[in-house]
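Based on these hints, arrange chain V with the ligands on the given structure of chain A.
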Amino acid sequence: MLLEFKRVFKSYQIGKNKIPVLQDLDLFVNEGEFVSIMGTSGSGKSTLLHILGGLDTPDEGTYRFNARDMLSLSDEERSWIRGHWLGFVFQTFNLLSELDVVGNVSLPFTYRKTKPEKIASHVEHAIDRVGLLHRKGHRPFELSGGEMQRVAIARALAVNPKMILADEPTGNLDSRNSEHILDLFRELHQTGTSIILVSHDEKVAAVSERILQMEDGCLQ
Amino acid sequence: MMPQVLSFIITAYHSLLIHKLRSLLSVLGVVCGVMAVMIMISTGEGAKKEVLGRIEQMGLTNIYVNDKLLSEELQKRAEKKRSYGLSLYDVEYLRSLSPMIVSVGAVQKVALTPVGTGINIIPSIFKCTANYGELLGLDVRRGRFINVQDSLNNRQVCVIGGLMSERLGSDGRVGKLIRMDDRLYTIIGVLRKVDKKPVKTAKVTNQNFNDTIFLPLNIPHNLTKFGTSIAQHSMLSSIVVEVANRENVEPAARLINRAMEYNHQGVLDYDVIVPLELLDQALAAQNIFNLVLTVIAAVSLLVGGIGIMNIMLATVTERKREIGIRRAVGATRKDIAFQFLAESSLLTMCGGTIGIAGGFISVFVIENLAGWPIEITVVSVVIPFVLACVTGVFFGYYPAVQAAKMDPIKTLRAE
Ligand SMILES: Nc1ncnc2c1ncn2[C@@H]1O[C@H](COP(=O)(O)OP(=O)(O)OP(=O)(O)O)[C@@H](O)[C@H]1O
Ligand SMILES: [Mg+2]
Numbered sequence: 001m002l003l004e005f006k007r008v009f010k011s012y013q014i015g016k017n018k019i020p021v022l023q024d025l026d027l028f029v030n031e032g033e034f035v036s037i038m039g040t041s042g043s044g045k046s047t048l049l050h051i052l053g054g055l056d057t058p059d060e061g062t063y064r065f066n067a068r069d070m071l072s073l074s075d076e077e078r079s080w081i082r083g084h085w086l087g088f089v090f091q092t093f094n095l096l097s098e099l100d101v102v103g104n105v106s107l108p109f110t111y112r113k114t115k116p117e118k119i120a121s122h123v124e125h126a127i128d129r130v131g132l133l134h135r136k137g138h139r140p141f142e143l144s145g146g147e148m149q150r151v152a153i154a155r156a157l158a159v160n161p162k163m164i165l166a167d168e169p170t171g172n173l174d175s176r177n178s179e180h181i182l183d184l185f186r187e188l189h190q191t192g193t194s195i196i197l198v199s200h201d202e203k204v205a206a207v208s209e210r211i212l213q214m215e216d217g218c219l220q
Numbered sequence: 221m222m223p224q225v226l227s228f229i230i231t232a233y234h235s236l237l238i239h240k241l242r243s244l245l246s247v248l249g250v251v252c253g254v255m256a257v258m259i260m261i262s263t264g265e266g267a268k269k270e271v272l273g274r275i276e277q278m279g280l281t282n283i284y285v286n287d288k289l290l291s292e293e294l295q296k297r298a299e300k301k302r303s304y305g306l307s308l309y310d311v312e313y314l315r316s317l318s319p320m321i322v323s324v325g326a327v328q329k330v331a332l333t334p335v336g337t338g339i340n341i342i343p344s345i346f347k348c349t350a351n352y353g354e355l356l357g358l359d360v361r362r363g364r365f366i367n368v369q370d371s372l373n374n375r376q377v378c379v380i381g382g383l384m385s386e387r388l389g390s391d392g393r394v395g396k397l398i399r400m401d402d403r404l405y406t407i408i409g410v411l412r413k414v415d416k417k418p419v420k421t422a423k424v425t426n427q428n429f430n431d432t433i434f435l436p437l438n439i440p441h442n443l444t445k446f447g448t449s450i451a452q453h454s455m456l457s458s459i460v461v462e463v464a465n466r467e468n469v470e471p472a473a474r475l476i477n478r479a480m481e482y483n484h485q486g487v488l489d490y491d492v493i494v495p496l497e498l499l500d501q502a503l504a505a506q507n508i509f510n511l512v513l514t515v516i517a518a519v520s521l522l523v524g525g526i527g528i529m530n531i532m533l534a535t536v537t538e539r540k541r542e543i544g545i546r547r548a549v550g551a552t553r554k555d556i557a558f559q560f561l562a563e564s565s566l567l568t569m570c571g572g573t574i575g576i577a578g579g580f581i582s583v584f585v586i587e588n589l590a591g592w593p594i595e596i597t598v599v600s601v602v603i604p605f606v607l608a609c610v611t612g613v614f615f616g617y618y619p620a621v622q623a624a625k626m627d628p629i630k631t632l633r634a635e
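Residue numbers (the working numbering), protein chains in the order written: chain A, 1 to 220; chain V, 221 to 635.
Okay, chain A solo, but in the shape it has when bound (with noise of 0.2 Å):
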């Protein structure tokens, strides 16, 4: 087992209102499985995909991520698990316009000890799998939206995570691009990374083994 999330509860502080986000979740995810999960806006999926990826901690319950214990793990730990083994994907693309395309994918490797000439065929060959070797030395604002998706998946694999957490990857994206965003993800998953994709669309999340719904705080 990859992933264990055990009776997680969340919730937001708002004035003296608690707003409830995740109540009761669980979620088990095997090594090398696709799973997408859907739901209405504002039903927690973003709330939950931060959650596993180490940038928030729930009020309550129990992750285990790779035999970890995720919430007892320090801020350094956490990093290092978010550097090594997890690799983001957001709806806005969040790439760094300062940076040229080779700058973005390489950024995870500042905060690892890779030699630069390993990270140097690292960041060629993710280049390399998203296609867009043409596009080496541009930045953000000289590319389409799906290209830049890319980039940011391109970011996400090439430090070789374990697991991709996708936030509505085709969101901002039209049919054609969206397609060739998922054909990604399906490579990506032959190959045998564990992904968690959220979508409102169901023809994104066919693409996954398993769907799961979002509802009242908690995964069906």
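A portion of the hints provided could be inaccurate.
Claimed, not checked - A few chain V positions that, by computed beta-carbon distances, are all more than 12 Å from chain A:
#1 230
#2 234
#3 245
#4 295
#5 336
#6 376
#7 534
#8 546
#9 549
#10 553
#11 559
#12 569
#13 631
#14 632
Unchecked claim - Derived lysine-lysine pairs resembling DSS-like cross-links, with alpha carbons at most 25 Å apart:
#15 A:18 <-> V:554
#16 A:113 <-> V:413
#17 A:136 <-> V:625
#18 V:288 <-> A:115
To be verified - Covered by chain V, per the in silico footprint, the following chain A stretches (three or more residues, Cβ under 8 Å):
#19 18 to 25
#20 53 to 66
#21 84 to 94
Quick caveat, the hints were computed from the structure, so don't treat them as lab data. For each residue, glycine too, the CB sits at the ideal point set by N, CA and C.
Quick look at chain V with the ligands alone, frame taken from chain A:
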């Protein structure tokens, strides 16, 4: 490490570039502060070096007893006490004062006029004891200095300064004659010409003896303390006392002071000057200037530092998203703090570099317009630069901590 630093530098560079003017203004205080510190150190070192040079020339183991002009009223009172300024009796007395004293020399300014030399420079003419050359470390280039025989036999010889010799041309060589008033003197030695310009300070003139003529000072065989003839005819300008080593300077100076007080019946018609003490005086004068500059430097660095803090806080807010992205790909809080700390230091380092460049220019201007001695050492560049870096780290600390504390979720949602 390499790509890390590279992506830091690129993002920092862009953030600075977008706000070129803002960055420049924020760093202005640091520039001023660094400049002030550099000027302070350079002028301080310059003054110190100059004074040290002068002390070395005067001799670190020398103590000077100089003649002091009294007001007319004081002069009358002094004469009542039979004190007539520095005399050869003082010389003899000091010579036998203590075993610490190795040698005592004397010099007397005389009013003679060289005749028929064809030059319109009026040289300083001194009568001096034979050991005077050695006491002051005078460098004789040709011939020899005055010796004891010249002195005892009151020979008509002289030693002239290097520039004097040059001015006289072929008449200024060893063996030639110079006429002063109604007497002829044979040149027996020529001093090396000194190139450095003499600089005046409060108490001592840094003479280079370039335009000086030395004559033997005749010492009569028997001296009596209250012999008016000696008192009147031996009005010395200065007595030089050499002690065995530097440790002796202070006790010997005390002894000399006491002896002179006794000799002159408490009439202060002399000054005891210890070259080592001149250093303190020169540095004391420098201190006022330093105080002003320290205040300027401190205020500039403080204001500059606050400017840096301000701009860094703005930068942190502007670059929230970047912080979130970096955290998502594996940056720890420490990594983020380090990045912004490095950035603020980099900013102040740039300011420091500009300040040092400005410092070089200011120091050059001060040297040439005000004529102050300047000494640019490694210290006068390194200290201001280090101060700039420290300012960057100190005032960049708070913004860096703010950046590290930022919640990555909020920054990633902030789109
Ligand atoms: N920092 C916060 N403070 C208060 N409430 C928050 C905060 N972040 C999220 N929420 C609330 O938590 C709920 C879940 O938000 P979340 O972003 O996880 O939803 P989502 O399922 O991703 O929605 P969408 O499909 O629109 O992206 C929402 O009602 C949201 O308003
Ligand atoms: Mg969402």
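Verification of the supplied hints:
1. 230: violated (6 Å)
2. 234: violated (4 Å)
3. 245: Label holds. Min Cβ-Cβ 22 Å, cutoff 12 Å.
4. 295: Residue 295 (chain V) clear of chain A: closest Cβ-Cβ about 83 Å, beyond 12 Å.
5. 336: holds (84 Å)
6. 376: Label holds. Min Cβ-Cβ 86 Å, cutoff 12 Å.
7. 534: holds (17 Å)
8. 546: At about 7 Å from chain A, residue 546 (chain V) fails to clear the 12 Å cut-off, so the statement is violated.
9. 549: Not fine: 4 Å to the nearest Cβ puts residue 549 (chain V) too close to chain A.
10. 553: Residue 553 (chain V) is in fact no farther than 12 Å from some Cβ atom of chain A, at 5 Å.
11. 559: violated (9 Å)
12. 569: holds (20 Å)
13. 631: Non-interface label on residue 631 (chain V) violated, nearest chain A Cβ at 10 Å vs cutoff 12 Å.
14. 632: violated (7 Å)
15. A:18 <-> V:554: violated (32 Å)
16. A:113 <-> V:413: violated (67 Å)
17. A:136 <-> V:625: violated (33 Å)
18. V:288 <-> A:115: At roughly 78 Å apart (the allowed maximum being 25 Å), residue 115 (chain A) and residue 288 (chain V) break the hint.
19. 18 to 25: Three-residue rule not met by the stretch 18 to 25 of chain A, so violated; n is 0.
20. 53 to 66: With 3 residues in contact (Cβ-Cβ under 8 Å with chain V), the coverage given for the stretch 53 to 66 of chain A holds.
21. 84 to 94: holds (count 5)
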